[in-house]
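Chemist: Assemble the whole structure, with the sequences as input and the hints as a guide.
There are 2 protein chains.
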Amino acid sequence: MRTGTTPAASEIKVAAVQSDPQVGIENKKSNVESTLQLIAEAAREGARLIVLPELASTGYSFDTREEAYLHAEPVPNGPTLQAWIEAARQHDTYVVAGILEQEGVALYDTAVLIGPEGFIGKYRKTHLWNREKLLFTPGTEYPVFDTKIGRIGLLICWDIWFPEVARILAAQGADIICSTNNWVWTPPPLFDDAGNCMASYLTMSASHVNTIPIVAADRVGEERGGKFLGCSLITGTNGWPIGGIADAEDKTIIYADLDLTASRAAMIWNDLNDLARDRRTDLYDPLLGFNGTPLVR
Amino acid sequence: MRTGTTPAASEIKVAAVQSDPQVGIENKKSNVESTLQLIAEAAREGARLIVLPELASTGYSFDTREEAYLHAEPVPNGPTLQAWIEAARQHDTYVVAGILEQEGVALYDTAVLIGPEGFIGKYRKTHLWNREKLLFTPGTEYPVFDTKIGRIGLLICWDIWFPEVARILAAQGADIICSTNNWVWTPPPLFDDAGNCMASYLTMSASHVNTIPIVAADRVGEERGGKFLGCSLITGTNGWPIGGIADAEDKTIIYADLDLTASRAAMIWNDLNDLARDRRTDLYDPLLGFNGTPLVR
Chain Z
1 MRTGTTPAAS EIKVAAVQSD PQVGIENKKS NVESTLQLIA EAAREGARLI
51 VLPELASTGY SFDTREEAYL HAEPVPNGPT LQAWIEAARQ HDTYVVAGIL
101 EQEGVALYDT AVLIGPEGFI GKYRKTHLWN REKLLFTPGT EYPVFDTKIG
151 RIGLLICWDI WFPEVARILA AQGADIICST NNWVWTPPPL FDDAGNCMAS
201 YLTMSASHVN TIPIVAADRV GEERGGKFLG CSLITGTNGW PIGGIADAED
251 KTIIYADLDL TASRAAMIWN DLNDLARDRR TDLYDPLLGF NGTPLVR
Chain C
1 MRTGTTPAAS EIKVAAVQSD PQVGIENKKS NVESTLQLIA EAAREGARLI
51 VLPELASTGY SFDTREEAYL HAEPVPNGPT LQAWIEAARQ HDTYVVAGIL
101 EQEGVALYDT AVLIGPEGFI GKYRKTHLWN REKLLFTPGT EYPVFDTKIG
151 RIGLLICWDI WFPEVARILA AQGADIICST NNWVWTPPPL FDDAGNCMAS
201 YLTMSASHVN TIPIVAADRV GEERGGKFLG CSLITGTNGW PIGGIADAED
251 KTIIYADLDL TASRAAMIWN DLNDLARDRR TDLYDPLLGF NGTPLVR
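Protein chains in written order, with the numbering used here: chain Z, 1 to 297; chain C, 1 to 297.
Derived from the structure by calculation, the hints contain no laboratory data. Where is the CB? At the ideal position from N, CA and C, for every residue including glycine. Accuracy of the hints is not assured; some may be wrong.
Straight-line alpha carbon distances no greater than 20 Å define the calculated EDC-like cross-link-like pairs of lysine to aspartate or glutamate that follow [stated by the list, open to error]:
| no. | chain 1 | residue 1 | chain 2 | residue 2 |
| --- | --- | --- | --- | --- |
| 1 | C | LYS13 | C | GLU117 |
| 2 | C | LYS133 | Z | ASP271 |
| 3 | C | LYS133 | Z | ASP282 |
| 4 | Z | LYS251 | Z | ASP271 |
| 5 | Z | LYS227 | C | ASP271 |
Some chain Z residues flagged as far from chain C (calculated, every beta-carbon gap over 10 Å) [as the list claims (entries may be wrong)]:
| no. | residue |
| --- | --- |
| 6 | GLU66 |
| 7 | ASN77 |
| 8 | GLY243 |
| 9 | ASP257 |
| 10 | ASP278 |
Modeler: Shown next as structure tokens:
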């Protein structure tokens with residue numbers, strides 16, 4: 001078996017922020033301030049890619065569309081995103097965070113990618129969970145962003161239940177997936193004896209079968225009767241969590257040192273198995289995946 | 001959230017046999033006898049669906065094609081399969097097991113499904129691992145078999161690294177997946193602190209996102225310098241292992257009581273999320289999955 005002797009090309013520290021924003025327009029200012037403090041804290045610890053949860057600046061559980069509109073902002077010109085852009089510039093770091101986006105009358109559950117150079121791009125959640133279907137418009141694209149530290153793909157929460165999403169991002173040459181989450185419920189039990197939720201294992205599996213690190217930031221706390229599951233994790237190209245999976249309750253930041261381009265070599269496991277080549281695109285997915293989109297890894 | 005009040009329609013005990021066959025034509029007779037004893041033991045415990053590992057009657061690590069031919073048999077007319085058919089009839093049980101199949105000059109890494117009524121069908125491994133590519137011909141179909149206890153899909157070992165396979169089986173209305181395995185290696189570490197291997201988590205994830213039970217029988221022991229990983233498991237429609245994951249070393253049989261048709265109701269999680277309907281077939285897999293093959297669940 002191969003031992004992975006390719007020298008690291010892009011080693012950096014990454015961070016997953018497990019925070020506890022609170023819904024309600026009266027809390028928005030403190031929510032945004034909290035994100036800025038957490039970005040500063042992670043950057044002080046040396047993180048150059050910092051991932052915050054889904055809807056990190058607003059909280060999640062909007063009662064009505066009317067309430068959701070109060071929280072929404074245009075991307076990238078809204079005040080929250082402008083504050084994040086300034087923070088990324090000031091701390092010389094990349095930031096991924098969830099935000100409630102408004103364009104025209106449409107609301108999107110969006111993840112944004114920001115770097116020291118400013119706003120890079122956004123991903124609008126394509127799989128909507130439960131009442132999100134009553135509030136938001138689903139996205140229609142799976143962009144992968146080329147940056148100085150590597151190629152970054154984004155996904156949001158319920159997306160990880162659809163193995164197609166990580167496949168599509170990997171197929172487009174993503175070096176890492178930043179996963180922003182508000183995990184809330186699965187058919188019981190919510191946790192196993194180790195205290196991990198099923199989404200932890202879905203994340204590990206998506207990472208492993210695509211040989212791509214995933215930085216999954218989930219939130220904790222409660223909102224209007226709904227409880228979030230924590231369990232943030234950062235996986236290596238082998239899919240295993242680096243330094244363990246976060247607790248279900250704690251506000252915390254977890255870190256890992258990653259080579260953001262390691263995935264380009266990691267998919268060749270031995271002289272005969274390349275996880276891209278081994279896909280049977282003669283039998284499935286002829287229009288997607290490694291066969292149908294540019295294979296740049 | 002839903003509580004799953006649909007009454008069980010097909011409750012039975014299922015078994016995953018974690019055995020230790022040994023390669024070498026001098027061992028074939030004792031390997032087959034061992035499978036018959038294990039089938040009898042599981043049937044005595046009340047199992048009506050018994051899953052054995054990949055290549056359960058021959059061992060795995062053939063040195064050459066010539067040696068592999070010595071172990072191979074036609075399906076269903078070879079002596080091993082005839083013995084399994086007689087065992088399934090005698091014990092009034094369904095059996096899934098891996099066998100080395102020869103048809104013409106081609107060798108296949110095959111899983112067979114047998115019931116009290118005789119031979120039902122076979123699946124030829126579509127994703128070949130490492131030196132299997134030098135010995136075997138890959139399969140080209142993902143059959144799902146209708147039986148008196150429910151619809152049964154089969155997969156073999158390396159297949160589970162390709163989330164497409166479980167998707168395709170679920171899309172065709174499978175109620176349960178029987179997974180026959182000789183798990184050998186992943187990028188290190190092989191096990192986590194809980195003693196589980198990555199294939200355990202891939203199995204749980206495939207089960208969970210397709211809301212379908214998986215009976216995964218792996219083998220233990222060593223052959224010609226290669227070590228097998230054990231860690232057999234049986235998941236419910238929620239993806240969690242029932243009664244825990246087997247040890248990495250022990251010869252054992254694990255059991256679970258399952259409703260083999262529970263998956264037909266389990267994919268509806270709430271008033272707004274149906275895991276089949278939620279697939280974005282406008283964005284991916286338009287030719288496969290729930291959109292492209294008969295949706296009979």
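Chemist: Give a verdict on every hint.
Modeler: Verification of the hints:
no.: 1; hint: C:LYS13 x C:GLU117; result: holds (19 Å)
no.: 2; hint: C:LYS133 x Z:ASP271; result: holds (11 Å)
no.: 3; hint: C:LYS133 x Z:ASP282; result: holds (17 Å)
no.: 4; hint: Z:LYS251 x Z:ASP271; result: violated (44 Å)
no.: 5; hint: Z:LYS227 x C:ASP271; result: holds (19 Å)
no.: 6; hint: GLU66; result: holds (19 Å)
no.: 7; hint: ASN77; result: holds (27 Å)
no.: 8; hint: GLY243; result: holds (12 Å)
no.: 9; hint: ASP257; result: holds (17 Å)
no.: 10; hint: ASP278; result: violated (6 Å)
Violated hints, in rising order: 4, 10; the structure is consistent with all others.
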